[in-house]
Structures are given as C-alpha cells and as structure tokens.
Amino acid sequence: MKSAHLESRLLGEIEKVPVIDVHSHVPHDAPFATSLRDLLGYHYFTELAHSAGMAKALLDPETPDAEMMPALAEALRSFDNTVQYGWLMELARELFDFQHERLTRENWRELDEAIRARGNRRERVREILQKASLEKVFLTNEFDEDLAGIDGGVFVPSLRADRLVFQLTEKGVCESLARVTQSEIGSAAGLRAALEKVFGRFEAGGAVSVAISLPPQFSVFPVVEGDLDTAVGKAAQGKPLSAAETVTLHCGVLFAMTELCRQFEMPFQMMCGVRRGAYRHGVYQGCDMLQAGDTLRNLMPLLNSFPEVTFCLSVLCDGQAQELASYGWLVRNVVVSGHWWYDAMPAYMERDLAARLQSVPKTKLLGFYSDMYKLEFGLSKFNMYRRLLARVLARDFVEDGRGTEVEALEVARLLLRENAVRIFRV
Amino acid sequence: MKSAHLESRLLGEIEKVPVIDVHSHVPHDAPFATSLRDLLGYHYFTELAHSAGMAKALLDPETPDAEMMPALAEALRSFDNTVQYGWLMELARELFDFQHERLTRENWRELDEAIRARGNRRERVREILQKASLEKVFLTNEFDEDLAGIDGGVFVPSLRADRLVFQLTEKGVCESLARVTQSEIGSAAGLRAALEKVFGRFEAGGAVSVAISLPPQFSVFPVVEGDLDTAVGKAAQGKPLSAAETVTLHCGVLFAMTELCRQFEMPFQMMCGVRRGAYRHGVYQGCDMLQAGDTLRNLMPLLNSFPEVTFCLSVLCDGQAQELASYGWLVRNVVVSGHWWYDAMPAYMERDLAARLQSVPKTKLLGFYSDMYKLEFGLSKFNMYRRLLARVLARDFVEDGRGTEVEALEVARLLLRENAVRIFRV
Amino acid sequence: MKSAHLESRLLGEIEKVPVIDVHSHVPHDAPFATSLRDLLGYHYFTELAHSAGMAKALLDPETPDAEMMPALAEALRSFDNTVQYGWLMELARELFDFQHERLTRENWRELDEAIRARGNRRERVREILQKASLEKVFLTNEFDEDLAGIDGGVFVPSLRADRLVFQLTEKGVCESLARVTQSEIGSAAGLRAALEKVFGRFEAGGAVSVAISLPPQFSVFPVVEGDLDTAVGKAAQGKPLSAAETVTLHCGVLFAMTELCRQFEMPFQMMCGVRRGAYRHGVYQGCDMLQAGDTLRNLMPLLNSFPEVTFCLSVLCDGQAQELASYGWLVRNVVVSGHWWYDAMPAYMERDLAARLQSVPKTKLLGFYSDMYKLEFGLSKFNMYRRLLARVLARDFVEDGRGTEVEALEVARLLLRENAVRIFRV
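Protein chains in written order, with the numbering used here: chain A, 1 to 426; chain B, 1001 to 1426; chain C, 2001 to 2426.
Honestly, the hints are just simulated from the structure, not real lab data.
Backbone N, C-alpha and C fix where the C-beta goes; we use that ideal spot for every residue, glycine too.
Treat each hint with caution, since some may be false.
Unchecked claim - Looking from chain A toward chain C, a few residues come up when the C-beta cut is under 10 Å (computed): (1) 296; (2) 303; (3) 305; (4) 332; (5) 357; (6) 414.
Make a model of the complete structure from these sequences and hints.
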C-alpha cells in the first residue's frame, strides 16, 4: 500500500520532467504521423504481424491502405499481449482521442481519420511534445544530409557514422562525401580532411553528437597510417578490398571520427551488438537480430585511446547489461545510455535499471531514448520508461533506504534531463 | 491483497485447462511408477544426491531397494530446499496420499507400497492425467522403435533425430536404419530414401513432430551433395571419418531431416545447448551441462533455409533467453517453446516468461513441457509452471494494464493448449 | 504485510548468526581503519570518484588528507545513489556514531576523528566483529608472507596462488619461492617440492584453503611433465618463455597446486573471470573488468581431474550465474561461493540467490564473503547480504511453500556459518 502510494507520487512528479530524448530517427521534415500507415508502418508492428503469419505481400510498401490496414489491424490480435501493441493503443487514446478498446478491421478508418485531421494542425509538433513531456528530440542525420530547415528549438541533429565507417566502399558513398565536402578522398589524410569538414558542417548545423551502431564482436584497434592510405585509396577508386584492408578501413575511419569527436568536443553515441540482415525473410527493417554471448571488451582499446571523448554506450543484448553497467561504474569516459530495441522490454529494463542505480554514479546515466521514427511513439515509450523508473525508485531506492523521496526525484531528473543537458551541452 | 486474489483466481482457472505436453520421455509401455525407485531413480534426484555426497555405488542400478532407498531418502535432507524435492513431495501427496511432511529412511516403505498398490490399477494413466490436468503427452521415440501399441488417445509419438544426426557412425545405427526401412544406406540419396521411409512410418504411427537436442555452438550449414555422399558412404561401411566429413554428415543429415519436416509438414522441436558428458564422475543421466556465453546465431542458416518449417526452439542457458524470445518476435517460422532442464527453475522462468509475454506474439508460445520420464512428474512440474503463469499474468499483464483478466486467461489457454493444438494439429 | 513481518522476523534471527567470512584481504597487522583515509581509500570509492570526474592526481596516495578528503567527500555526491555509498554511511553510523545524514567536505574531519579515536582502543577487532556478527575472517596471504603473529582466534590464513600460477616468470618470484622454501626451483620436480613446503608452512600456520583469481577464458588442462620441466627451467633462469611454454607453466603450476590441495585436504577457492588492467586510466585497484559472454567450461578438466578436491567457485559475471549454480547442482566437488565484486550488487544477487536456493543442495552453498580490506566493511556488506537473504527466504522459500520459517533459518545458518565450518573444518 505504502509502496503503491509512493510509486504513484513519484510517477506524478516524474511525468512533469521535460525530457531530452538523445536518440531518435525522426525525420525533421515529417516528424509526426499524417495517416495510420505512418504509425502502423513502424517496423515493430510490421515485423510482429509478419512473424505472426501475415502475408509479406500485404505488408509491401506498394500495397494500398485499403488492403494493408484492415489486414494489419486483424494481425494485431495475434500480438495484443505485447508491450508494442500497448504503445499503439496508448498513443491512439492520448494523442488522437481514440476511444475503442481495440483497433480492428472495423474501426481502423476512424483512427486514420483522426490522425489525418490532426496532421494538418499547425503546431502539431509542439502539441505532441507537450503531451509527451518531451522538450528536445535528437535526430540521426546522414553525413550528406541537408541540415537547413531543422527547427533547432525542438530538434538536435546528430551525425550518423554508420555509412562512413562501414559502407565507404559501397557505390556512391565516397563520391557523396567528396561532393558535400568538396574534398578529394584518395588517402587517409584526404579522408580525414573531408571528415573534418563534415564535422564542421554538423557543428554549424547545431549537432552535438555522433552516433553509430556496431555489429557484435566488432574489434576496434588502431591502424597503421600506410595501411589506411592503401585501403582508402582503393575504396575511393571503387577497387575491391581484401578482408584485412576492409578491417583496416573500418577501424581507421572509426578512429578518425573519434579523434574528431575529441576535437569538436562531441560525445560519441554507440549502440553495440546488432547483426544486420540476420533473418533473410523479414520485412523492411525487420531482419536484424541481437546475439547472445557477446562482450564489450573489443571496444576497450577505443575507450582507452580517447580518454577525453565521452562514449554514450547502449547494448542490444541483456547478457551485456552487467558489463555495460560496470563500464559506467569504472570507466570515466563511459556514460550508460538507455535501453535499446530488443532490450527495451520492461522485463529486462527493470533489473538493469535497478543495477545501474545501485552501482553507477547517477551523473553517468542517460535514462532512456525513444529510437522512434515518429514523435507519437515518444509518448508511449517514455511513459513505459517513466512507470518503470517510478517503480524501481520506489521499491529499490526509497524503500530500500538508499535515499529519500526527494533524492529519488533528483535521480529521476538527472536520468531524464539534466545529465543530457550537461553531457551534450544542449 | 488485490494482486493475491487476482493471482489465485487466475490459478483456479488455469488449473482447469487440459494441457498438451509437447515433450516428454515417457515410455508408452511403462508410463507410470510401479515402485518408489521408479520415481527416485529420476536423474534429478540421483544426481543431486550424488552431488551432495551420497556414494555412487549406492546409486548403482544394481543396488537393491533395501540399500538404495533408505540412503537416498536420507540424502534428500541435503537438498530439501530445492524445487526438485518439492516436485517429489507434491506428487507423493497428491497422487499417493502420502501424508508425512518429509520422506525419510523410516517412512519410505509406506510410499513405496502406496505406489505399488496404485501401479496395479487399471486406468492408472488416465487417473494421473486427470489429476494433473494433462490431456495429451508427447513421447520421444527412436527411429527404430516399434510404434504399435501406443495409446493414441493419450500419447503422441515424436521422432527423435539425435541418433540419426549425431551417431550414424556408431556401431549398429546404419544397420538398424537399413533394417527398419529395408533400404541400402550407401549414399546421400540412399540415406534420404531411408529417412523418408522413417518419416512415413512415424506419420502412419501418429507422430506429429521431430525432436533433437543440439550441442552448444553447433553450426548448421548446407553441405555439398558430393561431400555428403562420401561421408554417408564411409559411415555406412563403418570407415573412420575425418573431422570435416563428420561435420558434413551432421549437417547433411540435419538438412535432410528438415527437408522431410517440410515435406511431411511436421514441426521440428529443437533443444539447444547441451554439453553431453561434460562431468566425468556423474551418475546415469547426470553428466550433462549447459554452457554460458553461447548463441543461437549458428541456427540461423537452417531457419533461413526452411521458411516453411516451424521450429519449436528451447534453450538450456538463461543467457540465451532474450535471444530466443527475439527469434520468436522476429522470425516467422520460430515458436518459443517451454523452459528446459537447468533453465526450468522458477527464478529463471519468471523473468523469461514475463519477457516473452511482453514481446512475442501470444500465438507463437508453447508455455511448458514436462520432459518427464514418468507421468507423475507431469503433475508437479506443470503445477510449478501454472503457479508461475498465474503470478506473471496477474502482476505483469493484468495489473500492468496490458490486458483484462479474461484476456489473461485466453493467453494462458494458448500457452498450455491451443497453440500446441494448432501448431502440431493434434 | 504478512510477508514484511516474516521477512523482518527472519532478518532478526539471521543477524544473530555468527558468520564465517571465507574470503577477505584484511591485513592481519592492520585489520581496521585508523583514519578516514583507510576507509575512503577502498577502491570502490576512489574508482567511483574518478569515474564520476574527480581528478586522478587528487586520488594519488601521495596527496595529503587535507586535499584528498574534502574533494573525495564532495565527489561522493555524484554516487550517493549507489550501494557502495550506502556501505560507507552504514558503517560510519554503526561503528563510529556518525550522526550526519551525509559525509561532506564540511564534516569529514568529524568522522576522521571518530575513526582515529576508536583506532586506539584495545580490543577494537573484537568490537567490530561483534557489531558485525562476524566470528572468523579468512585472510589472503602471499606464499612468502610471514604468518607468525596472526591471531588465530579471529583470522584464518589462506594461501594466495595467483603469483605462483601466473607470475612465476616475473622478477623475484622464483627467487622468493626458493628462499622461503630453501629449495632449488629448476625443474618440475623442484617446483613441486618447493610448493609442498609452502603448503606445509601454511598448514602449520593455520591455513585451511588456497585461493586464486582466474582470467576469463583461461583454459585448464593437464600438461606433459617434460614440457613443464622446460618451462620451469626457463622461468627459474629468467629466460623468456614462448606462448606455449607460458600456457604450460600456468596450467602445470595450477595442477601441481591442486594436487597439493588434495594431499593437504584443502579446498581450492577460485574466483573466475577477471580481466586485470583492462582499463588503462583507472586509479589504483580500479582497472579490472569483467567480461560478458564467458563460460566456466574451461575449468571442467580440472574439476574432472581432482574429484577429491573441493572447489569453491565464484564468478564475476552475472551471465555465468546459472552455469555456476548448475555446477553446484551437478558436480560433487563444486561448492557455490558468494557473490563477487561487480556481481555483488543486490539486483544481481537477488535472482542468483533465489536460483541457488531453488536448485543447489543447501549444504553446497557458501552464502557470502566480504572481499574487504578493512574489517569495518564486513558490517555493511554482510548487512546488505543478510537483508537480501531474509527477503529471498521469506518470499521465495517460505511463502512459496518450499519450507517453514524454522527451515528457512536452518538454510540461513548453513549459508552464513555451518557449511564453512564443515567444508574448511574451522
């Protein structure tokens, strides 16, 4: 009883904290839904529907609403037990006044119309953010993306490093890098100069961090300049690289970008452990998998090499949760960040959050980020996290005697807002 | 309070659901105990007794009851804290009216006599199943086993693939396969033809699935037909195989059997991650171990190659629980099945079950199977699971607002019965 | 309500059990703090302060109190959410009557003076032990340490094997071994004879066990005598060893010491999974890390080779918790021991303890050890464990119907005291 009251008081206060969401994939020029499809097209729903048996053809981007929506609404019944389904219903209720208990093939048009109607409102962005208690939302931007027109009052750009680090040999990437930086990418030095221009452009555009996702067991180590020269040269000329040269290129570019993080004083946000394309038959964005039995130790050479760079680390695999918390505990330049994707289910988050609060300095925790593609999901996802945070702080912090209710709220504010403000200087 | 009432109401309803137990080792011609030894001989008890210090000689199959039983009853005191001990006492009370608080060297004969008396009753099988709320129990049958005489009203055969995949080079296996299928096993084609006859025979005998247990880090990949020909040829002639040929044989047979699963529309039940014979000094069936730090990724080539085959996957290692749940979430032909052996302790099952209910479509979950050798343990093991299911559904599903009490019971019915009925078409 | 009362009754009784602490680093000639620095110098505090941003120079052993203490007290604010901070405040209150709610740069001298005053008391050791309900504390002693003067009424020496197994090639180690044993270390036989003398000396000095910490993925296997001869010969002469010879030396010495454990009937305490020096920029004793994705399987050859030796195993990585519990369940000569270092946070311990109590014979569990450097921390750390033990026994053992309140207390006594008494014969 006492516990339930405490938890509910904490939640009430937590809900008032204006959140800084440090990672999302929101497109700044289409940040909210203008149709039901914009919401149900989120890979969490299409992949679950497909996994539960919905025909892949019906989930094709070309399939018209009239076919796809009723079938998808029907498919929801197979996974209405999940947290993901809960996200959908909560935002439908809170943001679109959808009053039905379930979304069905009978009532989907009702929700679709409500979304379309609100999608026309001016100030819709701020309306959603206010309802969701979000103050600022980080974006993830490609190096060659145009940053003009981003509403800096709400959005904060981040430079996405994935293509530069892992896809420099793919068609058009070097060319695009050369074009946007007006540089010649034929050598390690040339590449570095181009990357520095990218960083300069992003800094000017308001970016405050760099972000990358890494495959499991990716080993990071310093490379020899001459080897990198060769690898970059071949990549720029579109020549095939050997396995060793590929590794050299990946590590060399990652080190170069980390060096620029140091120079531009930008934290590096790293999401560790995703196996891209593991499942061959999945839907769009529904083919990636985590890998059990993985370790973060391969990152240590990078963390050791750049003690001045802040690394905000996330993991995809629950089996690395303790290792990550221990990095936050011991390694000065590591910040423990959020709960990512497959790992962002309450059953995993609950123990992980409790352990972080027990063992990591409260100033080194970024509580949660949305990873969302449309702003609406920020409401549901952060509400899920807020409820969990209130529960863990009540039971594990206040009732266990580690702090008072007031101190618990201070911790909550650090996790939701203050640490992000300090670490990213937003 | 509210929570306890809800949990208890849910449990009351859950206990009424007639369960389909999709995996056991019950011998169809001796399915229940006719002596205490039949129960205490279960490896869970002999291995714990040995581990806690009981002399191995006393646990030898040749040791007469009068020596072994009192010593084993005495040894129980060292592990009367465990869940396994709880299974024993619960079934003794529920199925044999054993009223003592403990089983001791003084009272073991009383229980032994009660077991012997009931072992003579006609309809004992149905009596136990009714008490245990079990409707059907899957068996695990060797490819060369006689399926005649299996009571199809109660038992469902499964083809055990372990010997075919991993022990084809051992003495007598090829010969037995040739004999029961009246085939010549000298080539890949010959082997396939023989396997097809095995499947045909099992289908005719009422089998609805194939089952196998896999060692940790077993990599599954397609093999070249010529290589398989060579490997099968050598195996059939009893010639020694190289390491590469052995791998070819294992993968080739597994692929061939999976292809037959496709053809015969039988789900493939896979138990992943057991290291056989790891502990050299253990008792009978008490030498196998799990392995931390393992991954399911090596199965992916098989899952990708047979999108039409349903794979019901279990893991032995808690560290793979999240990976397995994520496979159920994403991969259409994966069903998440039960909690296996070392992993079937409530402390592990509780979080795992909560995570599955949060993230995997409810139609893709087989809640629990007994893995038992005698029907009596179905009562205790499923009761353990039912209590857990009621608790998790109460706290994590209903109270967390993901569904109503009625919906929670629908989920329970799917996990205990309906999904098995649909997936295995029983 | 019922649960809270039960838990509190259990805790009251548990607090009365005089504990045998089977592993610490307490120096027998300076076992308690004589200044605040003795407490705040514990690596848990310096590493967290450094991790949270405190300048490394301020944490240097040479930095005077007047500079270091106020800065460290200030730094505590960054991690006052942690369990480690809780340890400090609890012992300050209980052992030094420190009444402030927090330790600050304003009041640190007050605590410092209280520590200095009590540090002069005769009988301070017994005063602390009584307050902490500790009866005996195991020490960790180097092979060349003088054991004279150890108060055997309170302390129990253990032979630390780390330097012998892993650092025999480092300057001075062989020389020191030769000197203290008056032996010639030029061959495998010579080394064994010297080690036997070390064991004899430790047995005479009251030692009852050997202790070692092992790196992740250390593989233990028997070596060929001739190879060991060569490796020992080179080590003794200070010649460089090849990688293979190094491995031979490590395994050979470990096997030799285990053989002596057999001969002297001493349990071998093994702490598995620490990566020494992983973090390059850490403070003193603050550079070591765990590694996710690791397994205990590499120890199995040793466990199999010495069925008569009792191995008391601990792990650093939560991902190995289930594997370790399963070893305790199955492997007769394995005792599951405590919760080590990064893994000794309540969030990890709670589930691990529940699982051990569900699956491992109660006679094979050593509940907790302090790993402390000063006796004062025994109070806080064991109190943390006692609260957890009371909670898990209440909820998971008594309320789940696995035993009565009286039986729960029997289990607690085994875990805190009786098993240690029996296993180490103290």
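* To do: Quick one: which hint numbers does this structure break? Sort them smallest to largest.
  => Checked against the structure, no hint fails, so every one of them is satisfied.
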